[in-house]
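Asks: Full structure from sequences and hints, please.
Mapping the sequence shown onto this note's numbering, position 422 (from 1) lands on 428, and the numbers just tick up by one.
The set of hints was computed from the structure by calculation and includes no laboratory data. Treat the hints loosely; a few may be bogus.
[As the list claims (entries may be wrong)] Cut-off 27 Å, straight-line C-alpha distance, at most; resulting in silico cross-link-like pairs (DSS-like, lysine-lysine):
id: 1; residue 1: Lys404; residue 2: Lys422
id: 2; residue 1: Lys335; residue 2: Lys160
id: 3; residue 1: Lys105; residue 2: Lys288
id: 4; residue 1: Lys335; residue 2: Lys63
id: 5; residue 1: Lys363; residue 2: Lys160
id: 6; residue 1: Lys404; residue 2: Lys121
[What the hints assert, rightly or not] Okay, the calculated beta carbon distance ranges per label pair:
id: 7; residue 1: Leu115; residue 2: Arg262; range: 22 to 32 Å
id: 8; residue 1: Ser42; residue 2: Gly18; range: 44 to 54 Å
id: 9; residue 1: Phe114; residue 2: Arg239; range: 40 to 50 Å
id: 10; residue 1: Lys63; residue 2: Pro342; range: 30 to 40 Å
id: 11; residue 1: Glu74; residue 2: Asn324; range: 21 to 31 Å
id: 12; residue 1: Pro35; residue 2: Glu280; range: 43 to 53 Å
id: 13; residue 1: Pro342; residue 2: Gly254; range: 37 to 47 Å
id: 14; residue 1: Ala108; residue 2: Lys63; range: 20 to 30 Å
id: 15; residue 1: Asp122; residue 2: Pro405; range: 12 to 22 Å
id: 16; residue 1: Arg346; residue 2: Lys243; range: 55 to 65 Å
id: 17; residue 1: Met7; residue 2: Arg153; range: 43 to 53 Å
Quick caveat: nothing in here was measured; it's all calculated off a predicted structure. Heads up, the beta-carbon is just placed ideally off N, CA and C, and yes, glycines get one too.
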Amino acid sequence: MAQVTGPFFAEGAVDTPYWWDAAEPKAAPSTALPASSEVVIVGAGFTGLNAALTLAKAGKQVTVLDAEAPGWGASSRNGGMLGPGWATFDTAMAYGPEKARAIVEESFLALQHIKDVVAREAIACDLAAVGYFRGAMTPRLYEAMGRQLDRIRKVMPCDAYLVPRAEQHGEIGTDLYHGGLAIPGYTGLHPARYVAGLAEAARRAGAQLFGGARVTAIAPDAGGFTVSVGRQRIAAKQLLVATNGYTGSLLPFLQRRIIPIRSALIATAPLPPEVMNRLMPKRRMLAGSQRVVTYYRPSPDGTRVLFGGRVLKVNGENVARANAGHLRKQMLQVFPELERTPLTHYWHGQTGFTFDKLPHLGQQDGIFYACGYNGTGIARASWFGHRIAERMLGSVEKPSAYEDLPFRSRPLYYGKPWFLPLAVQFYEMLDRWEQR
Numbered sequence: 007m008a009q010v011t012g013p014f015f016a017e018g019a020v021d022t023p024y025w026w027d028a029a030e031p032k033a034a035p036s037t038a039l040p041a042s043s044e045v046v047i048v049g050a051g052f053t054g055l056n057a058a059l060t061l062a063k064a065g066k067q068v069t070v071l072d073a074e075a076p077g078w079g080a081s082s083r084n085g086g087m088l089g090p091g092w093a094t095f096d097t098a099m100a101y102g103p104e105k106a107r108a109i110v111e112e113s114f115l116a117l118q119h120i121k122d123v124v125a126r127e128a129i130a131c132d133l134a135a136v137g138y139f140r141g142a143m144t145p146r147l148y149e150a151m152g153r154q155l156d157r158i159r160k161v162m163p164c165d166a167y168l169v170p171r172a173e174q175h176g177e178i179g180t181d182l183y184h185g186g187l188a189i190p191g192y193t194g195l196h197p198a199r200y201v202a203g204l205a206e207a208a209r210r211a212g213a214q215l216f217g218g219a220r221v222t223a224i225a226p227d228a229g230g231f232t233v234s235v236g237r238q239r240i241a242a243k244q245l246l247v248a249t250n251g252y253t254g255s256l257l258p259f260l261q262r263r264i265i266p267i268r269s270a271l272i273a274t275a276p277l278p279p280e281v282m283n284r285l286m287p288k289r290r291m292l293a294g295s296q297r298v299v300t301y302y303r304p305s306p307d308g309t310r311v312l313f314g315g316r317v318l319k320v321n322g323e324n325v326a327r328a329n330a331g332h333l334r335k336q337m338l339q340v341f342p343e344l345e346r347t348p349l350t351h352y353w354h355g356q357t358g359f360t361f362d363k364l365p366h367l368g369q370q371d372g373i374f375y376a377c378g379y380n381g382t383g384i385a386r387a388s389w390f391g392h393r394i395a396e397r398m399l400g401s402v403e404k405p406s407a408y409e410d411l412p413f414r415s416r417p418l419y420y421g422k423p424w425f426l427p428l429a430v431q432f433y434e435m436l437d438r439w440e441q442r
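Replies: Written out as structure tokens, the structure reads:
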């Protein structure tokens, strides 16, 4: 944790997630790595920990390795927003209406999976079904939202509905939008508390979790794998790579298919109840309709605004100041009255996107994987971790709707998204053109 300074930062502001104030990821006391394990899982985030929980409860010997503390990555840095997968419907329609329906229906199973795990393992993570509102930046985008609802309802029931501009103050205290889309089933949680609870549940079930255990190599060996952590070796019968946006060169197959993209968030200082009641009257999860997405929400205790979007600056000096200033500017477009409200936290994390904008799970050269959540990974990653564990156990009754999707790369892509700055500039240009 480091303090950050600047004209819009509060005294004592820090460059770590707001979530960490209540549940900072911490590695368990150091113990020796096992020489062998039935299952080794690389990555102790939502995917890896849900898989570990399912496998350990089935009686498997499970070892989970993470380069940092369990939950340190995107799992404790995200916005804590999860819901049904209506946004994936149009993308999934490329495979036909039946596949689109199956993918969206599975998103409801994913959401229910988290609710079941939280209840069964007694994880205190502020889970609440509060709904969602996505504001339309222009009247044309509002009309496009209506057309999307029509497309969905031709294939399956949908409880989302349009909110006209005249009624949007019941959802959000801004005049920026021209109406928007409301989704009642959307849910919020405290991601750092959730991932900490998952880690503890996996330990109770018998899984061994190791932080500070960066996997440096994987090699096939005698019907299984040798997993290297520096000079140490672990023999594994089964191997799951669950590193998503942090995969890097560890598994070239995934490196060529996952696009690592950074996202950042800011947290305001506490606000008076009457201000929060005006800005976020229903305490819903919120977003704008821009291609370069912004997303925001109240803190679980209803006292702050948490606002997220893309990273402006990756390296160099004053990264926190530059990125926080960029996000603050976008936040003030939505809520101008926060001009004098200081920021107490800035942080960022790394997500994993795919070229087809859909997540994937499967097996390559005997190695299991689940990844590519495209910025909406809480429910999907949790569900995929559970589902890939069932596949590893050989207990799958019905394959996932995602399992037969082709997982493609692109020519000249080897894990470094050189095209990303150009793509962001292009999408920003389209956003400005639509909002002209």
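Asks: All hints, please: hold or fail.
Replies: Going through the hints against the structure:
For a cut-off of 27 Å, the pair hint linking lysine 404 to lysine 422 is broken: about 35 Å separates their Cα positions. Between lysine 335 and lysine 160 the alpha-carbon distance is near 39 Å, which puts this suggested pair outside the 27 Å criterion. Straight-line distance between C-alpha atoms of lysine 105 and lysine 288 comes to about 34 Å, which puts the hinted pair past the 27 Å bound. A threshold of 27 Å between alpha carbons decides the hint, and for lysine 335 with lysine 63 the separation of about 47 Å lies outside it, so the pair is violated.
Taking the CA atoms of lysine 363 and lysine 160, the gap is near 22 Å; set against the 27 Å cutoff, the hint holds. The hinted pair formed by lysine 404 and lysine 121 meets the criterion: a straight-line CA distance of about 21 Å does not exceed 27 Å. For leucine 115 and arginine 262, the hinted distance range of 22 to 32 Å is satisfied, since their beta carbons lie about 29 Å from each other. Separation of serine 42 from glycine 18 is about 47 Å and conforms to the stated range, judged on CB atoms against 44 to 54 Å.
Taken as a hint, the range 40 to 50 Å holds for the pair phenylalanine 114 and arginine 239, whose Cβ atoms sit roughly 42 Å apart. Between lysine 63 and proline 342 the C-beta distance comes to about 50 Å, which lies outside the given range of 30 to 40 Å. In this structure the hint that glutamate 74 and asparagine 324 lie 21 to 31 Å apart at CB holds, the actual value being about 24 Å. Here the CB-CB span from proline 35 to glutamate 280 is close to 46 Å, well matched to the stated 43 to 53 Å.
Checking the proposed 37 to 47 Å range against proline 342 and glycine 254 shows it holds: the Cβ atoms sit about 41 Å from each other. As the Cβ distance of alanine 108 to lysine 63 is approximately 27 Å, the hint placing it in 20 to 30 Å holds. About 20 Å separates the C-beta atoms of aspartate 122 and proline 405, a value consistent with the hinted range of 12 to 22 Å. Between arginine 346 and lysine 243 the CB atoms are about 59 Å apart, so this pair conforms to the stated range of 55 to 65 Å.
For the pair methionine 7 and arginine 153, the supplied restraint of 43 to 53 Å holds, since their beta-carbon distance comes to about 46 Å.
Violation of the numbered hints given earlier is confined to hints 1, 2, 3, 4, 10; the remaining hints are satisfied by the structure.
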